[in-house]
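Novice: Chain by chain, the residues:
There are 2 protein chains.
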Amino acid sequence: MVILSEWLAAQLDKDSAEPAYRQLLQLMQQAILTGRLAPGTKLPSSRTLAGDLGVARNTVLHVYDQLSAEGYVISTTGSGTYVADTRPDSAAVGTPTSAPANPPSPAAAPAGEDDDAAGASARGDMSMRGQRLIDEAGVSARQWGAFMPGVPDVAEFPARTWSRLQARLWKSANHGLLTYAPGGGYRPLRRALSDYLRVARSVRCTPDQIIITTGIHQSIDLAVRLLADHGDTAWVEEPCYWGARSVLQSSGLKLAPIPVDDEGLNPREQDLRDPPRIALVTPSHQYPLGMVMSLARRRTLLEYARQHKVWIIEDDYDSEFRYGSRPLASLQGLDDSDRVIYVGSLGKLLFPGLRIGYMVVPERLAATFRTGVAELYREGQLMQQAVLAEFIMDGYLTSHVRRMRTLYGERRQLLIDAVTRHFGDALPVMGDEAGLHFVLGLPEHADDPAIAAAAYDAGVIVRPLAAYYSVRQDRKGLLTGYACVPHEEIAPAFATLARVIEEHAFDRPEATPEKQRRAG
Amino acid sequence: MVILSEWLAAQLDKDSAEPAYRQLLQLMQQAILTGRLAPGTKLPSSRTLAGDLGVARNTVLHVYDQLSAEGYVISTTGSGTYVADTRPDSAAVGTPTSAPANPPSPAAAPAGEDDDAAGASARGDMSMRGQRLIDEAGVSARQWGAFMPGVPDVAEFPARTWSRLQARLWKSANHGLLTYAPGGGYRPLRRALSDYLRVARSVRCTPDQIIITTGIHQSIDLAVRLLADHGDTAWVEEPCYWGARSVLQSSGLKLAPIPVDDEGLNPREQDLRDPPRIALVTPSHQYPLGMVMSLARRRTLLEYARQHKVWIIEDDYDSEFRYGSRPLASLQGLDDSDRVIYVGSLGKLLFPGLRIGYMVVPERLAATFRTGVAELYREGQLMQQAVLAEFIMDGYLTSHVRRMRTLYGERRQLLIDAVTRHFGDALPVMGDEAGLHFVLGLPEHADDPAIAAAAYDAGVIVRPLAAYYSVRQDRKGLLTGYACVPHEEIAPAFATLARVIEEHAFDRPEATPEKQRRAG
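Residue numbers (this note's numbering), protein chains in the order written: chain X, -12 to 507; chain V, -12 to 507.
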């Protein structure tokens, strides 16, 4: 017992900010776990130990109580406090094989095994799907700045209006808005969204068919878990959004990349022979290339889905931002066979961190999806949904989108002007007059990931088209976002990007447009 | 052409609130899709049609523009506007078999098929895992009221404090808080949580090891997708939380339910022979029964996990609310082999709709999990995370938890008093002195789902223990939550519940305690 007191006294740091209670508790736990205090050892009385250590007796009493509550010691009335025997029983630990003759005890494990475990990289710890997810991850560490694609200008978001609506709702003390959201989301928001989608996107729906989610990722995840099994096939466009690919793969779906051309999704003979369970498409504005799916292709796809019971997930990405023509109608609005799950998000319209999206499901699936979203994700955020509902109903969404459409249209033109100034028509701008980015085409031999990496180091964010292809990259280019870049920063940031492109894509000096111009 | 104008004139409703532009657009789309306007038909000039219909020529021009943009018609300069041929080509639609001889055209499909499709319930549409998820869903349509288990009293939440912090942050115009959150969450929140968990839960971690999620569901989902593959086994406690079961199953894991006894998880010989990839446990407070995992069992489990490379997911549910002893230390704090993924949530402490949770992962997995959470869920909500960080750092979390601990402790006692008053000791109260609910034990022959359903109809929410078992229900009872019920409502609500229990569980009149007392 003297030894325990001496050891504890040596370890206790009375000048530490850590209270004596916590220090003593941790020291004694450590002593028991390491075997310094062997099972069955009787602890000194609280009075004795307190005296030896020069701490209050109450401190020791609290430590003993806690050790007892956590099972480190056993207190018996009258006869004192003993260290409990909590050593793992090697029989109970068991063996993975069915041969019980020589169960490997912890001590018998080869020394190298522990070293391996401690020194192993994360790679060895992960599942196959986890490793694939990380290896193929497309997410960027930076989320803001020229020319981050797919990001709206959050500095233009009417934050004061939002904050005012929010403060009013918090003041109203509606406690129902603080609980879980089991019914598919806040009802008035679903009503407001169904009105908006009917008018703006020709979507045919009632508020009942709307399920509020946290965004496109969750909407796709929910649809896939409810409608597809492990091993089922999903058509994705080639190229397509990396995030959708990751969600589908990690839910066990096999991806079948389907080519796109100027009219959108263009399945080949061999694709059609093997109907998928799910087809994920971006008909309004192909992501990332920007073409619009033609009406003929839409009708063909819907008919194919009807015949072969394919679920179409329509990602109506960026559909509000069109600078030339009006927004096109949704695929869902053409569907008479209830094969389309329509998904959208408010993140590109308002701000990405909002995390409110929605899906429109066929009427007969609505109850199923409401249950599914609550069961899988235990949704909440009704307060934020209520703020958004007011924001929409008071007309702020429409006027903000209108204002941003003008702003982004101007920025798009400024960026195109900068491209033309630097490269003439050597680098084509791909993509319809829509969305928050375009694809800056690069020569066939260009290494777009290397260029994107070099641009990143130079302070400009672009994404290589390579990241969006699953199988065969038949176009080279950079996703270049203009929406979040203030007008005056566009030209200087593009000058930096142009320098990087010239250094990498035009390695033969005579082929550099800038040098040609200088020479000419 | 006369026919088209006449048909359109008959359909147009000039008194409708719907603008003539939208009406005309929809009518012409419909006419083209149904074949009333055949492919190749030349449309009348805008001037002619406007005259025939008595609408402005600009209206017709806009309709033609939109029809052209959406691919319904083709406009050729000089020679007019023609209906495009967008009919699905039956060759392009293809067949599911490899026999191209007789491709079934849409018209050739048996009539019954369409009827089936239209009349089918959702059941036929779903995947196996989706059907299972919905069939076994535990989520309740009501989320508030006596005696909803697992729900804190949101009316006691310091909403004004929260709203004030929130308004201040929105005013600060920190645009970075409105973008995606790719780095595992808001850094100051991760620092505040790591401090909190170290002190309150003996968790060993740095801020780097903390990943912010939307709650327990997402934390489990992420761990399972990164660390386990389809077909891997997961140990779950028997009984356990239905939500965790649903998440694991829909990610493709096979569940192995492991019995629990008074010391927590108690694997049998046959369980140990087949080590799982994942073991999901609630050591602080078994959910839903409430026992604490003993130190001996903790050490055995950790040793087993080390030997067999099992990932332990520690759900530290309700650990802050203990009314008798102090909170027990976490399993994670005992783990020397980096096998524990610790998950927790703020929803039970503050309000469920908040949707902020966290996980603590081993250091060598931290970067992987940060990438994984961003890639799979595209997280945001940094503004809300910043509000929470301030709330914690200003000491509001600690004082709120302290206040709620007293309040819930009182409510728990009031409810136990009511149980004793009605039933004496005929119905045991199960569960440690902790958490937001206890289990009211029922006689062996009781049908707890039927009793819960009858109670629901009588206006009282309880959950049957049956919903928490996967294989064999060896205890009957009702999860009864007291945290969200004001003191004065506890006795009357329990009187209602007691009546339902008496009617159902004590069907032989002489066995009803209430009647016995009345008779006595």
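Because the hints were derived from the structure by calculation, they are not lab data. Some hints here could point you the wrong way.
Identical copies go unnamed one by one, so any copy, or any two together, can satisfy a pair.
To be verified - List time: in silico DMTMM-like cross-link candidates among lysine to aspartate or glutamate, alpha-carbon distance up to 20 Å:
#1 1 <-> 377
#2 158 <-> 0
#3 241 <-> 216
#4 241 <-> 52
#5 29 <-> 250
#6 29 <-> 182
#7 158 <-> 140
#8 463 <-> 325
#9 158 <-> 420
#10 1 <-> 444
#11 241 <-> 219
#12 158 <-> 397
#13 296 <-> 112
Novice: Each hint: holds or not?
Specialist: Hint check results:
For the homomeric pair residue 1 and residue 377, neither the shortest alpha-carbon distance inside one copy (57 Å) nor that between copies (31 Å) is at most 20 Å. Taking the shortest Cα distances, residue 158 and residue 0 never come within 20 Å of each other, neither inside one copy (48 Å) nor across copies (45 Å). Taking the shortest Cα distances, residue 241 and residue 216 sit within 20 Å of each other both inside one copy (10 Å) and across copies (14 Å). For the homomeric pair residue 241 and residue 52, neither the shortest alpha-carbon distance inside one copy (56 Å) nor that between copies (40 Å) is at most 20 Å.
In this homomeric assembly, residue 29 and residue 250 never come within 20 Å of each other (Cα to Cα): the closest approach is 82 Å inside a single copy and 23 Å across copies. Neither within a single protomer nor between protomers do residue 29 and residue 182 lie at most 20 Å apart by alpha-carbon distance, with minima of 74 Å and 34 Å respectively. In the homo-oligomer, the alpha carbons of residue 158 and residue 140 lie at most 20 Å apart only across protomers (17 Å), although the nearest pairing inside one protomer, at 29 Å, exceeds that limit. When the C-alpha separation of residue 463 and residue 325 is checked against a cutoff of 20 Å, the pair qualifies neither within a copy, at 37 Å, nor between copies, at 43 Å.
Taking the closest pair of Cα atoms, residue 158 and residue 420 never come within 20 Å of each other, the shortest separation being 43 Å inside a single copy and 35 Å across copies. Proximity of residue 1 and residue 444 under a CA criterion of 20 Å is satisfied in neither setting, with 50 Å inside one chain copy and 61 Å between copies. In this assembly of identical chains, residue 241 and residue 219 lie within 20 Å of each other by CA distance both inside one copy and across copies; the values are 6 Å within and 18 Å between. Proximity of residue 158 and residue 397 under a CA criterion of 20 Å is satisfied in neither setting, with 40 Å inside one chain copy and 28 Å between copies.
Proximity of residue 296 and residue 112 under a CA criterion of 20 Å is satisfied inter-copy only: 9 Å between copies versus 39 Å inside one chain copy.
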